[in-house]
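If you read the protein sequences in the order shown, they are chains P and X.
If you use UniProt numbering, the first sequence closes out at 359, no skipped numbers anywhere.
If you use UniProt numbering, the second sequence closes out at 531, no skipped numbers anywhere.
Mixed in with the good hints, there may be bad ones.
DSSO-like cross-link-like pairs, simulated, lysine-lysine; straight-line CA separation at most 30 Å [claimed, not checked]:
id	chain 1	residue 1	chain 2	residue 2
1	X	Lys490	P	Lys156
2	X	Lys139	P	Lys118
3	P	Lys117	X	Lys490
4	P	Lys117	X	Lys491
To list a few chain P residues with every Cβ distance to chain X over 12 Å, as calculated [unchecked claim]:
id	residue
5	Pro159
6	Ser164
7	Asp337
8	Ser345
9	Ala350
Calculated directly from the structure, the hints in this document are not laboratory data.
Note that the structure is a prediction, hence the values are computed from the model and not measured.
For each residue, glycine too, the CB sits at the ideal point set by N, CA and C.
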Amino acid sequence: MTVVDNPHGSPGLATAEERSRFETIVAGAREDGVEIVHYEPPFPAPGTRGERRLQRIVAGCFLTTGGLATAFLVTYIWWPWEYDRDSLLHNMYTPVLGLTLGLALVATGFGIMIWGKKLIPHEVSIQERHDGPSSDHDRSMATSTLLYMGDEMGLKRRPLLGLSLLAGVAPVGLAAAAPLIGGLIKDPHKPVEGGTGSPLMTTAWGPGIRLTREDGTPIRPEDISTGGQLTVFPGVPEGHTNVHADSPTLLIHLRGQDMAELRDNLTGTNVGATWGDFVAYSKICTHAGCPASLFEQQTNRLLCPCHQSQFLVTDNAKPVFGPATRRLPMLHISVDDEGYFVATSDYKVAIGPGFWERP
Amino acid sequence: MKKRARIDVKALPGTAANAADERLQVARPLRAVFNKVFPDHWSFLLGEIALFSFIVLLLTGVFLTLYFDPSMSHVTYNGSYLPLRGVHMTRAYETTLHISFDVRGGLIMRQMHHWAALLFMASIVIHMFRIFFTGAFRKPRELNWVIGVTLFIVGFLAGFTGYSLPDDGLSGTGLRIAHAIMLSIPVIGSWTANSLFSGEFPGPGAILPRAYIAHVLLIPGILLALISVHLGLVFKQKHTQWPGPGRTNTNVVGERMFPRYVIKQGGFFAIVFGVIALMGGLLTINPIWLFGPYEAAAVSAASQPDWYVMFLDGSTRLMPPWEIRAFGHTLPPLFWPTVVLPGVMFTLAMAYPFIEARRNRDTAIHNLLQRPRDVPERTALGAMAVAFYLVLTISGGNDPLAENFDISLNAMTWAGRIGLLIVPPIAYWAAYRICLGLQQHDREVLAHGVETGIIRRLPNGQFVEVHQPLAAPDAHGHTELEYTGWVVPKKMNRVGALAPAIKGFFYPVEEPAPPALPQAERRELESSGTR
Ligand code: FES
Numbered sequence: 001m002t003v004v005d006n007p008h009g010s011p012g013l014a015t016a017e018e019r020s021r022f023e024t025i026v027a028g029a030r031e032d033g034v035e036i037v038h039y040e041p042p043f044p045a046p047g048t049r050g051e052r053r054l055q056r057i058v059a060g061c062f063l064t065t066g067g068l069a070t071a072f073l074v075t076y077i078w079w080p081w082e083y084d085r086d087s088l089l090h091n092m093y094t095p096v097l098g099l100t101l102g103l104a105l106v107a108t109g110f111g112i113m114i115w116g117k118k119l120i121p122h123e124v125s126i127q128e129r130h131d132g133p134s135s136d137h138d139r140s141m142a143t144s145t146l147l148y149m150g151d152e153m154g155l156k157r158r159p160l161l162g163l164s165l166l167a168g169v170a171p172v173g174l175a176a177a178a179p180l181i182g183g184l185i186k187d188p189h190k191p192v193e194g195g196t197g198s199p200l201m202t203t204a205w206g207p208g209i210r211l212t213r214e215d216g217t218p219i220r221p222e223d224i225s226t227g228g229q230l231t232v233f234p235g236v237p238e239g240h241t242n243v244h245a246d247s248p249t250l251l252i253h254l255r256g257q258d259m260a261e262l263r264d265n266l267t268g269t270n271v272g273a274t275w276g277d278f279v280a281y282s283k284i285c286t287h288a289g290c291p292a293s294l295f296e297q298q299t300n301r302l303l304c305p306c307h308q309s310q311f312l313v314t315d316n317a318k319p320v321f322g323p324a325t326r327r328l329p330m331l332h333i334s335v336d337d338e339g340y341f342v343a344t345s346d347y348k349v350a351i352g353p354g355f356w357e358r359p
Numbered sequence: 001m002k003k004r005a006r007i008d009v010k011a012l013p014g015t016a017a018n019a020a021d022e023r024l025q026v027a028r029p030l031r032a033v034f035n036k037v038f039p040d041h042w043s044f045l046l047g048e049i050a051l052f053s054f055i056v057l058l059l060t061g062v063f064l065t066l067y068f069d070p071s072m073s074h075v076t077y078n079g080s081y082l083p084l085r086g087v088h089m090t091r092a093y094e095t096t097l098h099i100s101f102d103v104r105g106g107l108i109m110r111q112m113h114h115w116a117a118l119l120f121m122a123s124i125v126i127h128m129f130r131i132f133f134t135g136a137f138r139k140p141r142e143l144n145w146v147i148g149v150t151l152f153i154v155g156f157l158a159g160f161t162g163y164s165l166p167d168d169g170l171s172g173t174g175l176r177i178a179h180a181i182m183l184s185i186p187v188i189g190s191w192t193a194n195s196l197f198s199g200e201f202p203g204p205g206a207i208l209p210r211a212y213i214a215h216v217l218l219i220p221g222i223l224l225a226l227i228s229v230h231l232g233l234v235f236k237q238k239h240t241q242w243p244g245p246g247r248t249n250t251n252v253v254g255e256r257m258f259p260r261y262v263i264k265q266g267g268f269f270a271i272v273f274g275v276i277a278l279m280g281g282l283l284t285i286n287p288i289w290l291f292g293p294y295e296a297a298a299v300s301a302a303s304q305p306d307w308y309v310m311f312l313d314g315s316t317r318l319m320p321p322w323e324i325r326a327f328g329h330t331l332p333p334l335f336w337p338t339v340v341l342p343g344v345m346f347t348l349a350m351a352y353p354f355i356e357a358r359r360n361r362d363t364a365i366h367n368l369l370q371r372p373r374d375v376p377e378r379t380a381l382g383a384m385a386v387a388f389y390l391v392l393t394i395s396g397g398n399d400p401l402a403e404n405f406d407i408s409l410n411a412m413t414w415a416g417r418i419g420l421l422i423v424p425p426i427a428y429w430a431a432y433r434i435c436l437g438l439q440q441h442d443r444e445v446l447a448h449g450v451e452t453g454i455i456r457r458l459p460n461g462q463f464v465e466v467h468q469p470l471a472a473p474d475a476h477g478h479t480e481l482e483y484t485g486w487v488v489p490k491k492m493n494r495v496g497a498l499a500p501a502i503k504g505f506f507y508p509v510e511e512p513a514p515p516a517l518p519q520a521e522r523r524e525l526e527s528s529g530t531r
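Chain X with its partners taken away, still in its complex shape:
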């Protein structure tokens, strides 16, 4: 016997696996996870962008906490950014300057953090649109929809507290408006504001440390918990899928999780991370050194909040000056667009799955997605909501718009007020019509075939376009194909008659397609239906 066993490197993974399984009995559950099937479609990646941005936020955020101090005590700046030397400011602003100029690589971390936050919110919203317009929120996924909306709200708070921390001219102004919004709440307003700020605005230095602990501990904790539940539910309930050959309401068609699916996710994460790094390095964002420390008497004109706050800014601007005064009390106009409106918006959003199910008396389980055109009413409602949101967001930036296009601000405000009332109904109507039009076209193709672009002259002199039927036509030249809720091929190259004109990235490689056999055509047709 040898004294010391030589380590057999090749057997190492096996040994480790054995050791783990002896203690945890993981073989079966692990295999089940490896084998879990995920459906694939580009639109399923939007939520991932949010998840990946969140990871970048955590990483860069931890870096920033090592250098940032939320204290509101006063100091005189003495760092290396010359234009502000000798200026009185808070520690919070000073340490943000320090990160930007005196910490190696600090600026790119700050900017990546900010860009990742914007991307996080943007991908949440786009992801939410995807879920809404395809009906992915229906039973059994209502709870996950509610969690998703909550994620937007909590993300909003995360963004706002983060934006407030540097205590520069813009963030101080934002905080002051937030303070006024709290003040506007009936009965408890002044108590809430005074309690949170520990006094009159800006208070004795309590608000930033409080915002800080919320921003780096409480809110990320809530986000992390919500995201875990969100993903856990997707895992448990399995992902929805588009209709297509072989896909039913009771199965999932796709790839097993390992290796292909996970590898693609990993690659996508690296790309998202890379794009955030590129933005953080190349695109300046929130150059707080230009804004100066916050002073109650100074504001830079045309200061814009982050995009996800702009809808509130817009609603505030559009609000007519209606104040309610009675019995020695005041209900300021600020209350409606900043407290009531978002409250109603988010409540409606959260309640939508239940409202729709009730209206349709729908208690079935839905795992197949719907094309937006097939549910015109919902699509139109969604378009209306998006239009409403867009009018508000654009109004939130109406001053730079007015300046750039030389329109009077008052005209912009009035356009916004009127637009808010008439654009959403127009959007509803337009979306509805477009949905019906698309539906009709699908039916037409199914009945008559694909337009070939070939014009034939009949013996009587009439010109007709030749259609390529998708199946063997009956005596009247009609085909009877049922609409399956998925893409109907509308171009000849989708049914395999022509090779795609351009292959590759820059240079076209034109290879003639192999002669199309009827059978091969059928197969192409089917497989194009799965994509």
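So here's chain P without its partners, still in its complex pose:
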């Protein structure tokens, strides 16, 4: 079989020495089950125009890389990179880094690619796969060895060993797993310190707790104009922080006729929860817990931006569109002697997303 099948007729390897070296390679490959059936140096004669051109291109790529990488370093070290909102230079720092580093790498990549694709001899080699099962001989030997190993251990002859090993090892495995998992486990229904009832069912609200703004200041009815709304937090320490992520509430000042409609619709535990033209709903979406915070005045709907559930404010915040299935719970509110909004109890039902133990 001809090893060097060159369409141009020349072997592509100039000297006898080159040819004999190549033959060694071919012989070596053959020992590895690889047959080089086509081997074609792209430029058999050294120093042709095409070769020089490619050489220049590849060298150009590498030199470009060098230049850009240097530019990257210079930028990295000397560019005024400290934050300054109005400085164009600061804003250009990251883009310039990206450009110089990125283009440097891309240029290297192209250089290497062209080198590999255009300057290295093109070849077609064939290797046999040898897949499928091992030979019957090997298989039977392996099986016998395995079986004999079993006999050597003597598990059949001495069954107690096997049983006791199993009985002994299983607890070790469990003992290893126990601290890994056991340390994590935490009862979701155990009241938190100072609380009563499952934390899943309770929030920071309770009788007499003021409705406050984010900065902790209490709220009077006249602070919210008709049709307006305000996110309120329980007036307890850290009430507005994520420590009480279950407590944010939306206080809405409804227009008169809307309030009348709502009052007619009030059902179940919601009866008596409103005060004047004010109603307070949990802000935590009953679907997956995002804040249901977009209040559409015209339609009296609360929209949750996460999966677009919509709740009808004038009907107990019942879900009217989207994947949510439960109403937003209503907080019972009133106004205290000093004229500030207070809650008269905690939420009567669990707020937020559903879970198995929820009735």
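We have chain P already, so just place chain X with the ligand on it with the hints.
Using the frame of chain P, we list chain X with the ligand on its own:
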């Protein structure tokens, strides 16, 4: 004798090689590796993109760990980003801001890390399509397919934990939804959620440190192990190849690993790395300073998760409000689209090679790839799955779509719900028809030849198009060529009759082709068949 032997630089590699071989006997195994043959096709590079992005992820990720602190303890921001000065936030968010504004080159590292993650997931998916549609998952490679699907799942977890770490407005919202998803699991839901978060959401500061150790140690460790096995199996079982001249089910036709194949891979790595660097520098991603720290009561509208999470977001949005309540228990609607659906999807994906083999009673070993058109049923099934996935993903972004095109959100949701039911079957049918059409065209060309575009008028006035047969025709003008499962030339310049019109990049160099000899034509034909 000289006291000190001079070091002969030229002999150094030889000496080193000898030293190594004397101790390790590597000459033969190394030569076998150098000589290993790899087949070449552009579509075999998709998996490499994933591998290279993973390397970039490791490099940039290590940089980020030097500055990031996942602590949830509260601090007041005092760094150089003015708009947030004096704001209370967690250490996690503060250190992310620190990386973005106060660490030299920190921002580009963060952005490269994020872009590399997106690219990692994208190339996994595209690579998976390639494997699926060409039948590369068939025996003996089923195990590698399963590992591949697992890589997607673990990559998803890597992405999600990483996205959660900065504790900005978006990541906190994502975590809260994840918490709700855990809650929705029957029986053990509240226990799982409470245990992982060590309390009610967001808990006493446990979740971020836990997500962190998962993100920087456990998950990358698993990924690394899976990737090693994945590549090891490719190496052991040898790569699949397309059919073509000289290529059989029992051989590999291509290039030896060294030098050409490895050099090309090296170049490709540099290009992928470079593209990620360009994206990291030029394209802002996840500008957490605009989102502010996470507050349970605030959410920015139109917040989008990373693209690979969007299908879950979409399925959640499309789910009708069906809740099961019985015996004092609740099964929330969230459970179906976020736990059951992905569970079914991934199980089906993993089981597919076995299902197909069973259906076809196929126990043979397959090393030759199939063109998608030649297996219409599988291609159509794949198209159906892709359509399903796409409808979900698009629905995950239906709010910006609704806003941009001024469609009502409710209409978008309904379109998604209906689309999810009818688009996949349509995709199935369309893909099936297209496959058959392409098959038929291949046969036609094999029987009649290539359309030349030359119209001839027959003596009776009829016009016919002249076909160039691919082999010597029989008495009826038909050629009998067998379809070999590979590209059939359909244009005259593929059989060497015309020079390609445009050569080079921008300027056409029009050189007339050498006069085509019948023999030369044959050879061209054959070699065009190998590409
Ligand atoms: S969290 Fe409100 S709709 Fe899903």
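Hint-by-hint comparison with the structure:
Between lysine 490 of chain X and lysine 156 of chain P the CA atoms are separated by roughly 69 Å; this puts the pair beyond 30 Å, and the hint is violated. For the suggested pair lysine 139 of chain X and lysine 118 of chain P, the alpha carbons sit about 36 Å apart, so the restraint of at most 30 Å is broken. A threshold of 30 Å between alpha carbons decides the hint, and for lysine 117 of chain P with lysine 490 of chain X the separation of about 27 Å falls inside it, so the pair holds. Under the criterion of a C-alpha separation no larger than 30 Å, the hint pairing lysine 117 of chain P with lysine 491 of chain X is consistent with the structure, at around 26 Å.
Every C-beta of chain X lies more than 12 Å from that of proline 159 of chain P, the closest at about 35 Å, which supports listing it as non-interface. Consistency note on serine 164 of chain P: stated as away from chain X, and its beta-carbon is indeed over 12 Å from all of that chain's, at 33 Å minimum. Look at aspartate 337 of chain P: its CB is around 28 Å from the nearest CB on chain X, clear of 12 Å, so calling it non-interface holds up. With a least beta-carbon separation of about 19 Å from chain X, serine 345 of chain P lies farther than 12 Å from that chain, consistent with its non-interface assignment.
Its closest Cβ contact with chain X, about 10 Å, brings alanine 350 of chain P to no more than 12 Å, contrary to its assignment away from the interface.
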